[in-house]
Amino acid sequence: MFDYAPLWISLRASVLSSLIVFILGTTAARLCLDIKGKAAAVLDTVFTLPMVLPPTVLGFFLLVLLGRQGPLGALFARTGGGIVFTWPATVIAATVVSFPLMYRGARGALEQVDQEHIWAARTLGMREWQVFVKIMVPEAWPGIMAGFSLSFARSLGEFGATLMIAGNIPHKTQTIPMAIYFATAGGDMRTAWIWVGIIVLVSFISLGFTTYFNHRRKG
Amino acid sequence: MSLYVDAHLAIPAPRAGESFSLDVDFTVADGEILGLLGPSGSGKSMTLKSIAGIVKPDSGRIVLNGTVLFDSGKNISVPTRSRKVGYLFQSYALFPHMTVSQNIACGFQRLVSESWSAYGTRVETVRQQYLELLHIGQYANSYPRFLSGGQQQRVALARLLASQPSAILLDEPFSALDNELKQVIDADMKTTLLSANCPVIFVSHNEAEVSCYCCRILRIDHGKL
Numbered sequence: 000m001f002d003y004a005p006l007w008i009s010l011r012a013s014v015l016s017s018l019i020v021f022i023l024g025t026t027a028a029r030l031c032l033d034i035k036g037k038a039a040a041v042l043d044t045v046f047t048l049p050m051v052l053p054p055t056v057l058g059f060f061l062l063v064l065l066g067r068q069g070p071l072g073a074l075f076a077r078t079g080g081g082i083v084f085t086w087p088a089t090v091i092a093a094t095v096v097s098f099p100l101m102y103r104g105a106r107g108a109l110e111q112v113d114q115e116h117i118w119a120a121r122t123l124g125m126r127e128w129q130v131f132v133k134i135m136v137p138e139a140w141p142g143i144m145a146g147f148s149l150s151f152a153r154s155l156g157e158f159g160a161t162l163m164i165a166g167n168i169p170h171k172t173q174t175i176p177m178a179i180y181f182a183t184a185g186g187d188m189r190t191a192w193i194w195v196g197i198i199v200l201v202s203f204i205s206l207g208f209t210t211y212f213n214h215r216r217k218g
Numbered sequence: 000m001s002l003y004v005d006a007h008l009a010i011p012a013p014r015a016g017e018s019f020s021l022d023v024d025f026t027v028a029d030g031e032i033l034g035l036l037g038p039s040g041s042g043k044s045m046t047l048k049s050i051a052g053i054v055k056p057d058s059g060r061i062v063l064n065g066t067v068l069f070d071s072g073k074n075i076s077v078p079t080r081s082r083k084v085g086y087l088f089q090s091y092a093l094f095p096h097m098t099v100s101q102n103i104a105c106g107f108q109r110l111v112s113e114s115w116s117a118y119g120t121r122v123e124t125v126r127q128q129y130l131e132l133l134h135i136g137q138y139a140n141s142y143p144r145f146l147s148g149g150q151q152q153r154v155a156l157a158r159l160l161a162s163q164p165s166a167i168l169l170d171e172p173f174s175a176l177d178n179e180l181k182q183v184i185d186a187d188m189k190t191t192l193l194s195a196n197c198p199v200i201f202v203s204h205n206e207a208e209v210s211c212y213c214c215r216i217l218r219i220d221h222g223k224l
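Protein chains in written order, with numbering that gives the first Met the number 0: chain D, 0 to 218; chain U, 0 to 224.
In case anyone wonders, no lab produced these hints; they're calculated from the structure.
Be aware that a few hints might be false.
Distance condition first, Cα-Cα at most 30 Å in a straight line; then the derived DSS-like pairs of lysine-lysine [what the hints assert, rightly or not]:
no.: 1; chain 1: D; residue 1: K133; chain 2: U; residue 2: K73
no.: 2; chain 1: U; residue 1: K189; chain 2: U; residue 2: K73
no.: 3; chain 1: U; residue 1: K83; chain 2: D; residue 2: K35
no.: 4; chain 1: D; residue 1: K133; chain 2: U; residue 2: K83
Among chain U residues calculated to face chain D with C-beta under 8 Å, some are [claimed, not checked]:
no.: 5; residue: A51
no.: 6; residue: I53
no.: 7; residue: S76
no.: 8; residue: T79
no.: 9; residue: R80
no.: 10; residue: G85
no.: 11; residue: S90
no.: 12; residue: P95
no.: 13; residue: C105
no.: 14; residue: R109
no.: 15; residue: S162
Predicted model, so just to flag it, every value in this text is computed and none were measured.
Even for Gly, the Cβ is constructed at its ideal location relative to N, Cα and C.
Build out the structure end to end from the sequences listed, making use of the hints.
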C-alpha cells in the first residue's frame with residue numbers, strides 16, 4: 000500500500016503558509032508603498048532576502064530563533080512544547096521561503112494601481128484601509144493572485160529550510176520533497192518517481208495559474 | 000459660504016531651466032462656477048490638486064466655509080478624505096471593478112444614520128436619486144468600460160455629488176468627449192452643478208466651454224493669474 004502521508008503534510012504546509020503569506024505579503028507591500036528613501040530600500044532588501052539566501056541558511060536562522068535555546072523557542076517551551084521537529088515547523092519554513100514571491104508580486108501589482116483612482120477614493124471620504132481593501136486590492140487582484148500561485152508552488156517544493164527545522168519524521172514532518180530525497184537515497188526509485196510525478200503536476204498547475212493571472216493583468 | 004484659495008508652490012525642475020512655480024489667490028462664492036482658463040501646463044490642475052489635498056503647496060492658505068483646509072503658517076493640512084472637496088478627474092477615475100451603482104455607493108462614505116437598517120434604506124434611496132438625477136438608471140448594473148465617455152462622466156458626477164461635497168472641482172471635464180456630445184450634456188450639467196449650491200471651479204483650456212458655464216473667468220498662465 001502506497002503511503003500518501005507526505006502529500007497531506009505537504010498540502011497542509013503549502014495551503015496554510017500560502018494563506019499566511021497572502022496576508023503578510025500584501026500588507027508588507029502596502030506598507031512599503033508609503034515608505035520612501037533609504038528605509039524603503041533597506042526594507043525591500045530584507046523582505047526579498049529569503050528569495051536569494053540558500054534555504055539551509057534560512058533554516059539555520061529559524062533553528063537559532065525557534066530552538067529551545069533561542070529567544071522565541073524558549074517562550075514556546077515555557078507555554079508547552081517546542082516548535083522544532085513538529086508539523087507547524089513545516090508551515091513556518093514554507094512561509095519564510097515563499098514570502099518574497101508574494102511580497103514582490105503584490106508590490107508590483109499595487110504600484111500599478113491608477114493613482115487617480117486612489118485619490119478619487121480619498122476625495123470621496125474613504126479611509127486609508129477602505130481605499131486599500133475596496134480599491135487597491137481589487138484593482139491589483141490579478142497580480143496579487145499571480146504572486147499567490149507562485150508562492151504556493153514555491154512552498155510545495157520547499158526542502159532545505161524544512162529539513163533544518165522540521166526534520167524528516169514520517170507521518171509527522173515528511174513532506175513530498177523530503178520523501179523524494181530519502182526514497183532516492185534508499186534506492187526506492189518507484190516511490191521517488193510517483194512523488195516526482197505528483198509534484199511536477201501540481202507545480203505545473205500552479206504556474207499555469209500564475210501565467211493565467213499575469214495574462215489577465217496585461218489584457 | 001465660500002472657498003478661499005491662496006496657494007504658492009514651486010516644483011523642482013524635472014529638467015534644467017524648466018522649473019515651475021504656482022502663485023494663485025482667489026475666492027469662489029456658493030453657487031458660483033468659476034472658470035480657470037489656461038493652456039496645458041499653466042497650473043490649472045495643480046491649483047485643483049492643492050485644494051483637494053493631493054498636492055501640498057509650499058505656502059498659502061485654503062479656507063472652505065470657514066474651515067481651514069490648509070495653512071502653512073499654522074502647519075495645518077487636513078487630509079484629503081476630510082476636506083469634503085469633490086474632484087472630477089479628467090479621466091473620470093471610475094473604479095473599473097465596480098458597477099455604476101457600486102461606484103456611486105462609494106460616494107456614501109459620509110452618510111450617517113442612527114441604525115444599520117436605517118442606513119441601508121437611506122443608501123438605497125440616495126442611490127436611486129442620483130441614478131435618476133443623471134439619467135443613468137438603465138446602466139446601474141453595467142461596468143464603466145461598457146459606457147460611452149458621456150455616460151462615464153455622468154456616473155463620475157453622480158458619485159461626486161453623492162459624497163455631499165462642500166466644493167466641486169472639475170478638471171477638464173469635457174476633454175475626453177467629442178463635440179457633439181458636449182452640447183447634449185452642457186445644459187443638464189450646468190443645472191446639476193448649480194443645484195449643489197456650493198463653490199465650483201471649472202478648469203479648461205477651451206474658452207467656449209468655460210464661457211458657457213461660468214460667469215467669472217480667471218486666466219492662468221505659467222502659474223500666474
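Verification of the supplied hints:
no., hint, result
1, D/K133 to U/K73, "violated, 34 Å"
2, U/K189 to U/K73, "violated, 37 Å"
3, U/K83 to D/K35, "holds, 28 Å"
4, D/K133 to U/K83, "holds, 20 Å"
5, A51, "holds, 6 Å"
6, I53, "holds, 5 Å"
7, S76, "violated, 13 Å"
8, T79, "holds, 4 Å"
9, R80, "holds, 5 Å"
10, G85, "holds, 6 Å"
11, S90, "holds, 6 Å"
12, P95, "holds, 7 Å"
13, C105, "holds, 5 Å"
14, R109, "holds, 5 Å"
15, S162, "holds, 5 Å"
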